[in-house]
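S.K.: Sequence:
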Amino acid sequence: MQFVNTSPTLHELQTLLDDPELFSSLDRHFAMFIGDLAKKHKPQAALAAALVSSKTAEGNICLDLAEYAGKQLNTPKEEEQKFSCPILSEWKQQLMQSGVAGHDEGNSPLVLDGNGKLYLRRYWQYENSIIRFIQQRSSNDVHKDLNYPKLCKDLKKLFPSLPAGDIHWQQIAAIAAVTRSFCVICGGPGTGKTSTVAKIIALFKGQQDATTQLRILLGAPTGKAASRLQQAIADTGLLQTGSEQLQAFTLHRLLGYIPNSPYFRHNAENPLNADIIVIDEVSMVDQPLLAKLMQAVPSSARLILLGDRHQLASVQPGSVLGDICRAEELTSFSRGFCQLIKELTEISLAPSTHAHQEPAPPHLEDSFVELVQSYRFTPDSAIARLSRAVKNGDEVEALAVLHNSADGSIAWSEVAGPRELSNKIEEYEGFSQLTALQLAPEPYTWFTKLDCFQILCPLRSGPFGMERINTLIEEKLVQQMQNAVSSQNNDHFAAQNTVSCRPVMVTQNDYNLRLFNGDVGIIMPDPENPQSLRAFFMDEFKMLRDIAPALLPEHETVFAMTVHKSQGSEFNSVLLILPDQDSPLLTRELLYTAITRAREKLVIWGSETIFAAAVKRCIKRTSGLAEALWG
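Residues in the sequence shown are numbered consecutively from 1, following the working numbering.
Think of the hints as simulated: they come from the structure by calculation, not from any bench. Take these hints with a grain of salt, some might be off.
[Claimed, not checked] Taking lysine-lysine and the DSSO-like style, the derived pairs with C-alpha atoms no more than 30 Å apart in a straight line are:
| # | residue 1 | residue 2 |
| --- | --- | --- |
| 1 | Lys-620 | Lys-71 |
| 2 | Lys-292 | Lys-156 |
| 3 | Lys-92 | Lys-71 |
| 4 | Lys-620 | Lys-292 |
| 5 | Lys-542 | Lys-205 |
| 6 | Lys-424 | Lys-616 |
| 7 | Lys-40 | Lys-71 |
| 8 | Lys-616 | Lys-601 |
| 9 | Lys-342 | Lys-205 |
| 10 | Lys-424 | Lys-476 |
| 11 | Lys-542 | Lys-449 |
| 12 | Lys-476 | Lys-449 |
| 13 | Lys-157 | Lys-342 |
| 14 | Lys-292 | Lys-153 |
Can you build the whole structure from these sequences, using the hints too?
M.R.: Here's what the structure looks like:
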């Protein structure tokens, strides 16, 4: 794009909008709608509308006009058309004069803020409701009524002392959560986010009298993540007293999903019935959903968000966790909070010297804590070192770790060509386990093995995409079954030229069947009638239930799954298959997410050049959230 100072004509605009490589049909129709609404400067208003629509579809919350203002767009058609965008000052003025864009509150379909960012009004409303919630709750100290002697005693009981000089960040996160009405606890895998939450809830219970019943809600964006949150808290043993059982829900179920509607039963007028609300895997939550959650939080309730800010952002628009945790370090606090930590734990921390610009509220940083110590990996383990190098964008260190895994937890090899990939998959150690499971179909056995190993793909389609890898695996498994059919009595399924057992992931919520996006099940022969198939799912209480496959909501095979779909899950062993061609979708956030799914062993097939390029490429989504919060 080149700098120019001319404005578009209607004819030029129509030529540009008609190009499917630049704009979708939705972008084009929205642009024409805005152009019709505009009182003047119709081409300039329609162009801005097309661009903001396109940017939102890419996951951005808004359009930064400065990115295009005064520059030239070229259509990729053979009869190349050069199209000039207005310069920034003129464009902003034209949008305001057109009547389709306004500042702040109003009824205009577009909102233009003071920094030259253009929003669809609903996304501006979502963003501002999040900003208001965080600013209000972060400046709302709620620790005045706490029983300090009891809190100090419980902190010492729940968080054993560390060696002199070490800082117990889990303990500090607990103090922040108990003393503030809004708290974000970040951390990578194995840093103890969920175990810290269990201790936080125990601290809250220690502040209650015997007649008070705390109302606690646990949530996560997917059924799998909700189940893992509930299980992780239960595994601590801190909250399993008597018949008490905390239950985690998907966010849609928590808020009360209304079919065929973007709204929920719980909102500002009908808030959630809770004292404490804990949401895990917030990096997966898009901006509109988080805004609706915050609207439904009662004024008296505490909201605690958990997540890894370095993971992939949500599929839908927004990168909320990364935006609200924009500070380079989340381990620096105000002087007052440092004094409170000193009084409760005798830990001495130097107060923050960073003066946030307006409109950042005082002590905003006290609501954000990052857990930095991993209890799953030692600092010098290969997986920990690789994830750290990728997170920091250090491709040299990342490649060095790939080729020198002293502890044997990482194995690297060049990816095979598309034609050779099938045989290489068959040689993968996890494939023999899949074969054994096919020949002995039993639901409980499958579910005990689901978290043992997983194949991950960055892309959905293409010769190295998830869909193609699943097809290759099924073809190889069918060959294995046909070879063993005489001794295993699988004649029916071999004759159908299909696998006998197929893991599937639900991709659409079905509240009648209690199946939610991210739930993983197994389609296999019915143990009571092997000639028919059933879909088995395991609930949070480890109880199996089965459903006729024809009744399942939208779902997909997951012998291999995309890295996006793996969020909220962990596996003992992971095989990551990178494509042999670079793609804009290959980013450090994607690599970091894939690497941190592995507990014990990580195998990567790829190209060094493509891997290094991905480490250097980071996701950038445009919004005004970070700037509004931190200045």
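S.K.: Would you mind marking each hint as holding or not holding in the structure?
M.R.: Right, here's what the structure says about each hint:
| no. | hint | result |
| --- | --- | --- |
| 1 | Lys-620 x Lys-71 | holds (20 Å) |
| 2 | Lys-292 x Lys-156 | violated (37 Å) |
| 3 | Lys-92 x Lys-71 | holds (15 Å) |
| 4 | Lys-620 x Lys-292 | holds (24 Å) |
| 5 | Lys-542 x Lys-205 | holds (27 Å) |
| 6 | Lys-424 x Lys-616 | holds (28 Å) |
| 7 | Lys-40 x Lys-71 | holds (22 Å) |
| 8 | Lys-616 x Lys-601 | holds (24 Å) |
| 9 | Lys-342 x Lys-205 | holds (23 Å) |
| 10 | Lys-424 x Lys-476 | holds (11 Å) |
| 11 | Lys-542 x Lys-449 | holds (14 Å) |
| 12 | Lys-476 x Lys-449 | holds (19 Å) |
| 13 | Lys-157 x Lys-342 | holds (17 Å) |
| 14 | Lys-292 x Lys-153 | violated (37 Å) |
Comparing the model with each numbered hint stated earlier shows that hints 2, 14 do not hold.
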